[in-house]
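Student: Here the protein sequences come in this chain order: V and B. Residue 33 is where the first sequence starts when you use our numbering, and the numbers rise one by one after that. Residue 128 is where the second sequence starts when you use our numbering, and the numbers rise one by one after that.
Since the hints were made in silico from the structure, they are not lab data. As the structure is a computational prediction, the values presented were derived from the model and not from experiment. One thing to keep in mind: the hints can contain errors.
Partner residues aside, some chain B positions facing chain V, computed with beta carbon under 7 Å [stated by the list, open to error]: (1) F267; (2) F277; (3) G280; (4) A440; (5) T447; (6) M449; (7) V481; (8) A500; (9) L572; (10) G587; (11) L617; (12) K619; (13) G620; (14) G624.
Every residue gets a Cβ at the ideal spot worked out from N, C-alpha and C, and that includes glycine.
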Amino acid sequence: MFNRPHLAVFVALLALFGALLIVGCNPDNPQSILDAKGPVAQRQLDLYWIIFWMALFVFVVVGGGLLYTVIRFRRRPGQGIPAQVHGNTKLEIGWTVVPAIMLAVIAVPTVISQFYISNAPSGDQLQINVTAHQWWWEVQYPDSGVVTANELHVPVGMTVSVELTSADVLHSFWVPKLAGKMDIFPGKTTSMWFRADEVGEYFGQCAEFCGESHAWMRFRVITDTPEDFEAWTASQLAQAAKPATPEATAGAGLFLSKACIQCHSTTPGVPTAGFPYPAPNLTHFGGRTTMAAGIMEMNAANLREWLSDPNEVKPGNIMAKEARAYTDPASALSSDDIDNLVAYLQGLR
Amino acid sequence: MASIAGVFRRPTHPAGVWGWITTVDHKKIGALYGVTAFFFFMVGGLEALVMRIQLARAGQDVVSPEVFSQLFTMHALTMIFLGVMPLSAAFFNLIVPLMIGARDVAFPRLNAFSYWLFLFGAIVLQSGWLLGGSPNTGWFAYAPLTSNSFSPGNGMEFYIVGLGVLGISSVAAALNFIVTIINMRAPGMTLMRMPVFIWMTLITSFLLITAFPVITVGLIELYFDRTFGMNFFNAAAGGDVVLWQHLFWFFGHPEVYILILPAMGIVSEVLPTFSRKPLFGYEVVVLSGIIIGFMGWAVWSHHMFTVGLGPIANSVFALTTMFIAIPTGVKIFNWIATMWGGSISFKTPLLFSVGFIAMFIIGGLSGVMHSIAPSDAQQQDTYFVVAHIHYVLFGGSLFAIFSGIYYWFPKATGRMLDDRIGQVNFWLTMIGFNLAFFPMHFLGLDGMPRRQYTYSSDMGWDIWNFVSTIGGLILGVAVLVFLFNFFLSLRKGEIAGNDPWDGRTLEWSISSPPPEYNFATIPTVHGRDAFWEEKYGHGGKVPAGVSPEEGHQGGIHMPSPSYLPLIASLGLSIAAYGLIYSFAVSVVGAVIALAAIYGWALEPAAEPAGRES
């Protein structure tokens, strides 16, 4: 059917469509799945490109066939009744068998890759346990005893095995550049693995609708060199820094008197003070790069915004609904209180 | 009879609004379905537009996150259960008896009951907007977000009870169409001579009666959890949250085919008519429809590829899902082959049907992409999936439904929809649709999860969201153009005549609009495309006038109108509200419904005076 010029036009068309589709996405975007930085995401991306080009090929052939048909066979003036063709068995067999073969071809890497991403490779592994909460992530390193929140530090090049569970509703753990999603359930654990091949900071986000502030349940995976990771682990196991300025000292007092400490632990290795609600461990809070579950940069202005009106930043969150500072007008935070708390929290490194 | 006539007298030819309320005529019920469903389609569209405006730029505050959650939940429920499904039902009602040469459906009063129950179920489902909050957990309502602790208020009750009522309506309607199609075909119309639209209606109806019981089990369990403190989905007490997902998608995937198979039926009628060629590979198209319906039961876990069911389950469901691409592809090839060598007339119905094929190719291919379980773990729950479902449900189902409206409007009303406005309608829809939904593929690949009420500008999602919103607004204009055309043509449209498109099936052999009894004499069918065969040579004549036998029996007997279906469905709806607010009300509603059904059973077949044809 194709002579050489036709083939050239076809290839050019395919390339043009492909180019148009590809420039629609920007791999530099922080959550682009087209910019794999680890073997799991790379496997998924490789599969994606295979099926992408197959799908594009089918689209150009079938869509082109459709377009050609409706143009070529448009009704012309004076045209009579066309031949009443009812079918053709050879054609039917052909367009059943050809797609079946194409699907069989893609099925092989599909199954192989499914087993690859479902089973973490044996050998040296870092174990991390993540508990998802509405709308933040509790992160525990069972081997070292480190407890933190919303930021996972991992050594570059090492297989990381993540055990996931939820304290409330469904969530889903997703770091697009490192690995696809794994859903998270209350009452059971699921697990996934990834490895980061480059030092860097990777965006993650909850991908299963989990209530009002689902949009604001993000996190980061930060990959360190093995030495940096050692140092980070040691720093996380250290006691919280003592307040260094008068403001910070006042802030430390407020942290007690406003009952922040009932939920937020400042003791290393303790997941959450937890009374009456679970909340992130803040022992080394000031050392994190982001706050409020990966949604804002860690700095004084953002901390101020958060403490002034947490419900504005993250609608429906428990602190805004239940903490004494926001429910009891007598305990409300003054502007000075907030400055002092900011100084204290930033000093927790 | 006279002693109970006061209670059981059937209304006699009421005029005006009472004529509509008591009607059991399948054509009038079809019109009621169509108008009601199109109203809800616009409601769902408005909900979508509010969301698109909220998402047009990063960090907007047009609606609160709580309202946004209700909007995306209700948008899906409205479009699926109150828009596309009943629009398909409108075609079933309007067209099935006409196409098979029958005078009505098998159970005319049950048909009226289905419509009224659909209307009341829709009101129950929507009543959250006025009664303190709509459901806000997404249309698939994953436990335990649906429990009392995370969803206080009555939002989930409107979901449970509304879907339950709509389920009864759908099952009643589906049983009616199964019996109608199997028993009431004109003499000579064997199964393999049925128009493909009838086949797709039959398959859809079987899916409806088998799928809805599954979701009903889930809904009852959820209702028991919320109302009686049971623990089906309470993990802390040993319940299983994943159980809901299995129940939901075991219903939910057949539901997808309930939405698309009628559309495939419509396209299979429109393409032959406007190409003046019979459907290519009729047997294969029918068989692939049956295979799609059957395989719809074997793929539900592809909605659950990230649940952690393990590599074996994921691989199996990946393969079964890929398998479905084969019969679906076969249909597309046969549609194109139908047009190949034809004499294609570019009227609006054909444009929408060709648009359907083109958009469905894209939606089908992205569907195959989703079947690749390992890479789907990246696409799951992102805008890539949102793009996919809209390419199959809007680019698919709704394009075909618009095609069907333009195609059968002349038969239903006796007037043509204006074709020039129709062309504008089509191109605006095509452009708006692709602008609104194609960029969502990019957003998904750029890592934007679905169901977030806003996003921050450092994510790189601004531009495509903005483009998508523009597309959504153009789609809104396209719907307004359609409405304008509809009302204009209803009053001033060109008179259609019996057979404006040179049609192939029996409905075009009778007047437009058809008389109440449809066929004066039931036609005898001698082959596929019965009416075309009569016109162009081979088949027997479709008879005109009343047959002598019926003339001797006092003319054509048609079922009389009745108000009891309305009362029965009203009683059930009162009982449904009672499940939300007070069981005492439920008892009252159930008594009304039972009394109405009792009266229905005893109602004389015709009004006491008898009647002439």
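Student: For every hint, state whether the structure bears it out.
Tutor: Evaluation of the provided hints:
no.	hint	result
1	F267	violated (9 Å)
2	F277	holds (6 Å)
3	G280	violated (13 Å)
4	A440	violated (10 Å)
5	T447	violated (11 Å)
6	M449	holds (5 Å)
7	V481	holds (6 Å)
8	A500	holds (5 Å)
9	L572	holds (5 Å)
10	G587	holds (4 Å)
11	L617	violated (28 Å)
12	K619	violated (27 Å)
13	G620	violated (22 Å)
14	G624	violated (20 Å)
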